[in-house]
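Build out the structure end to end from the sequences listed, making use of the hints.
Below are the chains, spelled out letter by letter.
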Amino acid sequence: MTATKSNNPGRGPLTGIGSALRSIFKFLVSVRLTITVLSLIAATSVLGSLIKQGGTEEEYLALYPEKTYHFIKLFGFDDAYHSTWFYFLMVLFAVNLASCTIRRIARRKKGSGDAGMPDIKGLVAAGSGFSAPSMHKEEITRRIAGRYRKKTILDGGTLYEKGSLSRHGATLIHASILVILVGGFIGLVAGFKGFMVMHVGETGEKALLRDGKNTHVPLGFKIKCKDFRISFYPGGEPKEYVSTVEILDASDRTVMERQIRVNEPLSYKGVRLYQASYGKTNRFEFLVNGKKVLLGEQEVYSEGKTPFMVARFAPEVHNFGPGVMIAYLEEGQKPKTAWLLANVEKMRSGRIPGAVISLERIEEEYYTGLEISRDPGVPAVLFGFALMLFGLYVNFFISHNRIYVVDNGDSLNVAGFASRNKEGFREELKAFKEGLT
Amino acid sequence: MISQHTVLGAATILYVLLFFLHALYFALRKDRVMAAMWYVLYAAFAVHSAGIALRWAESYRLGIGHAPLSNYYESLIFFSWSISLLLVTMRKRLSYPVITFIATALSLFLIAYASLSPSVQKGIQPLIPALQSNWLHVHVITCFLAYAAFVISFVAGGLYFIRSKGIVPSGEILEEINYRSIIIGFFMLSSGILTGAVWAHYAWGSYWSWDPKETWSLITWIVYALFLHARFVRGWKGRRMAALSVIGFACVIMTYFGVNFFLSGLHSYAT
Ligand code: HEM
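Chains as they are written, first to last, in the working numbering: chain A, 1 to 437; chain B, 1 to 271.
Rather than coming from a laboratory, the hints here were simulated on the basis of the structure.
Every residue gets a Cβ at the ideal spot worked out from N, C-alpha and C, and that includes glycine.
Any given hint could turn out to be false.
[Stated by the list, open to error] A few chain A positions that, by computed beta-carbon distances, are all more than 12 Å from chain B:
1. Asp211
2. Lys222
3. Asn263
4. Met325
[As the list claims (entries may be wrong)] One-sided and incomplete, this derived list gives chain B residues near chain A with beta-carbon spacing under 8 Å:
5. Val33
6. Ala35
7. Trp38
8. Ala130
9. Ile183
10. Ala197
11. Tyr202
12. Leu226
See the structure below:
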């Protein structure tokens, strides 16, 4: 860069830009911005909890007048927590919090170093300390050192300290919020959330996202449902449901076999599989020209000359019990249908071109619903949680105490400060000279 | 075997007695009455705890053993118990007749509502699989301790506007009580939200899903965070802080009751 010099635009505009930048920075670190942004986040959340989220157009029109619906749509209130401006608020909040935190740390650095001796005599006079004859110095400092760290030797005295971490409590809390936001952001950018439905025996390798666009995300491995069990309480409520699954690698080798229960997900290669739901479907056992064939609803059997499928299932057909309507397709013709009834001997089988089909059994079969997610931000979020609780604890429940011991030759002055629990501190000071005569 | 309902009924009667003891104190202003009040409060707390323990034991006899923290009835009983717990453990700081009066009256209201309202299911229900987690205990306990602390803060904040000399403690004392309850409440609420998020992560595969109860607890948390900043960064005091604690408590009410009645979501089993 040789043009540096000629690019220098002179002082006037530079200070203009400089002061503009400075006022932007001032705005970004201001507590006023914090209050505004937090209030807006809270207000959006209120709206989001009152207005139905992620519904379809019909659902909204059933709930609200059309004008209101257009308004909701226009501002993205139908998906408030994922709307552009909610993200904007979050980013603004993060920037605000980050700049506040950085400024606090910088100020701490500048103002650190111990400010020297406070007015010990004044503290003693105010009741935050005491005087004792010098001969007790050893015993008193021994007692103090039992609970306090000796910090520094200042001009004319010694400083003992305890709980100095609590000065950093607010910084820890603020930093933890940033860590959580970063974790959330990572999850948003690099993660996904979807689900998968499987019958026993089926294998899946893609999760279906709930974005209404039928997007499938490959897992990078295959998962096979080996078993699904459900048990009920005597009252009929579900007690436990468990899927037994196998993870298969690219060459179909079994890598692991596990059970997935509610509250006990399976984690493999950064993807987590949760037992989320279950359901029942019917499976139909047919004899097709004497060969046993098992079909689900809408599943096409196409081995014979004429493909057919179970188009509909009815639990009760004109009081004759359960039955299915099969649909079959002869070449060059429109699909035709026929009813087969499971419990009526004469109506159990039918003839379609090229095959005799009979409906042998209808079985209810459970399928398992797995929630599938990948969220590389989770470790950061969990770390942020721990950091926040630690920071809150340190900030609110630990007192930063300082005790100064000054030797005046014939007498000793002991006095100090506490950031919290001042009465407790005075009691503690008193105890240091108790029993000394 | 005495049933849990009998024992909780006895606790309710003790809370009624506390109500009348306070009334008696306000009429006579005799310290002896307050001394007796504290004994009865300890007794009520002990009986209340025994009732909860019996319900716990009974769930095991029914073969569906779980801590009594899982439905609306149990949460009301536990809420009421948490308020008494705070009174008993912070006796030194909260020993003001108006404060114990309002707080025990709220305990009474909650336990009486739980047992008398026909819309509250009182039976012991089996736990659905999603609730079978140790996180349930930490989550519920921290949340209700937070709510109880916010009750105390609300009482102190509300009393700040009623400066009747003699009964109501001084503004300084009320501010101190208010602030202390809020830091306990804020710590517990944060723990409650975070343990809830960790649990959701294990049970549903997502630590935050903007379900109405989650959302309202976040709103509540933000309001109290604003409270703490107003005090520490802006140096707010007095009426404005008292007003903020009333607003914060309105959010608590919405989080606990409102969401169950007006909105639906993952937590709706709690009704
Ligand atoms: C919702 C998010 C936030 C939470 C939960 C939070 C929490 C806290 C807590 C607990 C304290 C300590 C109060 C005390 O001294 O006991 C504090 C102090 C403070 N916060 Fe925040 N904070 C948040 C956001 C922010 C933001 C965005 C800013 C930036 C403007 C900020 C600026 C400050 C300042 C300047 C202090 C005074 C710290 C001191 O004692 O020196 N806070 N905050």
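A quick look at each hint next to the structure:
no. : hint   : verdict
1   : Asp211 : 15 Å, holds
2   : Lys222 : 20 Å, holds
3   : Asn263 : 5 Å, violated
4   : Met325 : 36 Å, holds
5   : Val33  : 28 Å, violated
6   : Ala35  : 24 Å, violated
7   : Trp38  : 22 Å, violated
8   : Ala130 : 6 Å, holds
9   : Ile183 : 4 Å, holds
10  : Ala197 : 7 Å, holds
11  : Tyr202 : 5 Å, holds
12  : Leu226 : 6 Å, holds
Consistency with the previously given hints fails for numbers 3, 5, 6, 7, ordered from lowest to highest.
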